[in-house]
Amino acid sequence: MVRPLGFLVGLGFIVALLCAIFTTPLTNEPQAAHAFHKHPRHIALSSDGLFPHWDKAKLQRGMQVYKEVCSACHSLNYVAFRDIAELGYTEGQVKSFAKSFQVPSINPDTGEPATRDGLPSDRFPAPYANEVAARAANNNALPPDLSLITKAREGGKDYLYSLLIGFENPPKNLPKELQPGTGLHYNPYFPNLNLAMAPPLADGQVTFADGSPNDVKAMASDVTAFLVWTAEPKLVKRVWTGWAVLLYLLIFTGLTYMAYRNIWANKEH
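Numbered per full-length UniProt numbering, the sequence shown finishes at 269, counting up by one with no gaps.
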């Protein structure tokens, strides 16, 4: 029994040694990146909390930022032009907005690919024909669709807002292996600190008709609010429906209890 026991002990030692070798990182880059990574800043929106509402003026400004800035690279594949009527636009305004976009179509006479003016039933058109074209125009990085971005990314709206305002020069003590390479830009809110997207916003880049502030933080806040809406346009209605159901249940429970007391008030037990 001694020899088999010694053999098993030796085999276990070898297995443990191999596991240690193959699971130990070759560099400390992940730990180093974590040291410079920042947690997202919190952004307060009217759609937050127990009693949310949509700030339609803010959402309209956010949509303008998307159209004039973000739509050059990012799509909104799950949003139709007619959906923006919920932001306070009239039917005529929705039609005019849709018409300002060119959407893919087919020439009925030749069968060749063509474009036409957008209709309210159309979805926001993608800026690139396909993924290959998108990567070719963005240093081989694929710009994500923004329809559900605040749901798809950990940190949600806070992460998106922080990313938009977080571009900065790399700190002097940043290790060489974490320095942004060619075509990359340092942002401490991005997981690996460097991303292919250049800073998309600049002060005064978009002019709002209502004279609202158009510095980077204000525009980032507006477009973040808009993308919260695109990700969950029924959020406010859903929350208030929940409150209505809760109120109904409370009233029904109270009436049921009073009926019970009234029926059994004079009964002998």
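To be clear, the hints were calculated from the coordinates, so they are not data collected in a lab. All of these numbers come straight from a predicted model, not from anything done at the bench. Careful: at least some of the hints might be erroneous.
[As the list claims (entries may be wrong)] Pairs of lysine to aspartate or glutamate residues, derived as EDC-like cross-links and limited to a Cα-Cα distance of at most 16 angstroms, are as follows: (1) Lys38 x Asp122; (2) Lys56 x Glu168; (3) Lys99 x Glu131.
[Claimed, not checked] Pair by pair, the computed Cβ-Cβ distance ranges are: (4) Glu112 x His42: 49 to 55 angstroms; (5) Gly111 x Asn169: 49 to 55 angstroms; (6) Asp48 x Trp264: 43 to 49 angstroms; (7) Pro180 x Gly88: 56 to 62 angstroms; (8) Lys237 x Ser121: 20 to 26 angstroms; (9) Tyr248 x Gly111: 39 to 45 angstroms; (10) Gly49 x Ser121: 30 to 36 angstroms; (11) Glu168 x Ala133: 40 to 46 angstroms; (12) Pro144 x Phe36: 21 to 27 angstroms; (13) Thr182 x Trp240: 47 to 53 angstroms; (14) His34 x Thr207: 36 to 42 angstroms; (15) Glu168 x Gly204: 40 to 46 angstroms; (16) Leu246 x Lys95: 35 to 41 angstroms.
A virtual CB, placed ideally from N, CA and C, is assigned to each residue, including glycine.
Checked hints:
1. Lys38 x Asp122: 39 angstroms, violated
2. Lys56 x Glu168: Violated, at about 31 angstroms.
3. Lys99 x Glu131: 25 angstroms, violated
4. Glu112 x His42: 49 to 55 angstroms: This hint holds: roughly 51 angstroms between Cβ atoms.
5. Gly111 x Asn169: 49 to 55 angstroms: Roughly 52 angstroms apart at Cβ, these two residues keep to the hinted range, so it holds.
6. Asp48 x Trp264: 43 to 49 angstroms: 46 angstroms, holds
7. Pro180 x Gly88: 56 to 62 angstroms: 41 angstroms, violated
8. Lys237 x Ser121: 20 to 26 angstroms: 22 angstroms, holds
9. Tyr248 x Gly111: 39 to 45 angstroms: 57 angstroms, violated
10. Gly49 x Ser121: 30 to 36 angstroms: At roughly 34 angstroms between Cβ atoms, Ser121 and Gly49 fall inside 30 to 36 angstroms, so the hint holds.
11. Glu168 x Ala133: 40 to 46 angstroms: 30 angstroms, violated
12. Pro144 x Phe36: 21 to 27 angstroms: 23 angstroms, holds
13. Thr182 x Trp240: 47 to 53 angstroms: About 50 angstroms separates the Cβ atoms of Thr182 and Trp240, which means 47 to 53 angstroms holds.
14. His34 x Thr207: 36 to 42 angstroms: Holds, since His34 and Thr207 (Cβ atoms, about 40 angstroms apart) stay within the stated range.
15. Glu168 x Gly204: 40 to 46 angstroms: 19 angstroms, violated
16. Leu246 x Lys95: 35 to 41 angstroms: 39 angstroms, holds
Hints 1, 2, 3, 7, 9, 11 and 15, counting from the list given before, are not met by this structure.
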